[in-house]
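**Q** FYI, the numbering for the sequence shown is -30 to -1, 1 to 499, going by mature numbering (1 follows the signal peptide of the UniProt record, and there is no 0).
It cannot be assumed that every hint is accurate.
Calculated pairs, DMTMM-like style, for lysine to aspartate or glutamate (alpha carbon to alpha carbon, straight line, at most 25 angstroms) [said to hold, decoys possible]:
id : residue 1 : residue 2
1  : K422      : D367
2  : K346      : E282
3  : K352      : E385
4  : K362      : E335
5  : K422      : D454
6  : K362      : E392
7  : K81       : D154
Since the hints were made in silico from the structure, they are not lab data.
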Amino acid sequence: MRRQSVPDNFLMAEAVTLLCFSLLFFCSHALVSPGSSNSTIDELALLAFKSMLSSPSNGLLASWNTSSHYCSWPGVVCSRRQPERVVSLLMGSFNLSGRISPSLGNLSFVKKLDLHGNRFVGQIPPELGQLRRLQVLNLSTNTLHGSIPAAMGGWTNLTTLDLSNNLLQGEIPNEVGTLKNLVDLRLHKNDLSGKIPLSLTDSLSIEYLSLRDNRLSGEIPVALVNLTSLRHLDLANNLLSGAIPSALGRLSSLSVFNLGYNNLTGLIPTSLWNISSLTAFAVQQNMLSGAIPSFAFSALPHLQTIAMDDNEFHGYIPTSLANASDVSFFQLSYNRFSGIVPLEVGRLRKLNWLQISNNLLQAKEPEDWELVSALKNCSRLKLLDLGANKFKGLLPDSLSNLSNSLTFLSISVNEISGSIPEDIGNLINLQYLDLSNNYFTGTLPSSLSRLKSLQSFSVYSNKFNGLIPVTIGNLTKMNYLDFDSNTFSGRIPSTLGNMTNLLALGLSDNNFAGRIPIEISTSKHSLVS
């Protein structure tokens, strides 16, 4: 039987089909192959980044080479679902220097880019705007300069942007308002200028906003009230002027409110005293004025920090302060507050820092000094500054019962008379004690020799008399010691020569007899006046 031949056109069709299947198999294999074009793009981008570093072969990047897979390189994190794609570049504090390569814009799967705490210079590459999946960008604490690129508008998935602690200049771009998912924005400690962009208020998800330490000017936009999720507002150390918008009182989730170190004027809006979630309230070093309402602290149970110093406030310190029982930092110095300091301050058991110097606060009668007795309840108190007020009368002995945590005590520039409490040596951790510019009389108590941590002690311009205790030479950590302008008599103790850390010693305008002891005059570390 004769075999039937296969037609030529059929053979040709079969060959074409086989070729198509082969090409399809090759293409599908190429998509998942480790040698694919996608993986090459990521690897090349990383190598290009390394090539722009000042010392690419040193430190943690020494292993960045083709002898190992780039997903195993330090700082590189690849996806689990797509193992050849880089999703994170985490190189914070890697001691890197040089410029940031524009090639990082080719890492199209990157969600987190963290290069903080290095020594990068130059501008932020606008090519980074191509990273559409980016969620976290942290370039803080470098020396980057130039402006913030408008290409940031491409980061539509961004939740955290930290460009703080650089040398960036210019205005904050309006494109910041397109970042609808932004939760954390930190641009502080740069040299940014201009006004706070109104477009910022379109990023409604922002919870943390820090623009401090720049040169931003103009008024605070009322539209910030649209940031209803805001918990942290820090606009400190700028050139902002005008009044604080009362509408900010509607930011009911606010925890930190910091407008310090600006040129703000006017009153504190009453609405701010109703934000019960506040933990920190700072408006220091502005030109704000008016009195603090008596009810101011009634609805602030979580408040921990109060900084209102260096303004033009007047009136009384409100007794409602007792309701803010978590306060640890309380600073009202350099204002015009008057009256008696309320005993309620002594109910702040967590109080660590009390600075109310340079005001018009008073104490005349013994009962006016009951604040000192009340402060013994503040077992964490480290700083107490009552200087430059109008305190008069005798300093109560209860001063010696203050917390052993106290390291700083100043009651200088008042009109206090009488003697120093005999047991002041109970404050064994004092490092700074300033009693200068008062009307103290009598002799220095011997218990002073127990203050072994004391580094600065001044009784300048009082009416002390008698001998300087020989035991004061036991205070060997002393750096600054001032006995000037009193009526001390007798010989200058040679034990002062034991103070080998002494940098300045004031003995002038007294009634000392004899010569300056050789132990003092030959000291290489002290300046005697």
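**Q** Taking the hints in turn, state whether each one holds.
**A** Structure-based check of all given hints:
1. Only pairs whose Cα atoms come within 25 angstroms are accepted, and K422 paired with D367 is accepted, the gap being roughly 21 angstroms.
2. With a CA separation close to 30 angstroms, the supplied pair K346 and E282 exceeds the 25 angstroms bound.
3. Taking the CA atoms of K352 and E385, the gap is about 24 angstroms. The hint holds against a cut of 25 angstroms.
4. Taken as a hint, the K362 and E335 pair is honoured in the structure, with Cα atoms around 8 angstroms apart against an allowance of 25 angstroms.
5. With a C-alpha separation of about 22 angstroms, the suggested pairing of K422 with D454 holds against the 25 angstroms cut-off.
6. For the given pair, K362 sits about 19 angstroms from E392 by alpha-carbon distance, which is consistent with the 25 angstroms threshold.
7. Straight-line distance between C-alpha atoms of K81 and D154 comes to about 15 angstroms, which keeps the hinted pair within the 25 angstroms bound.
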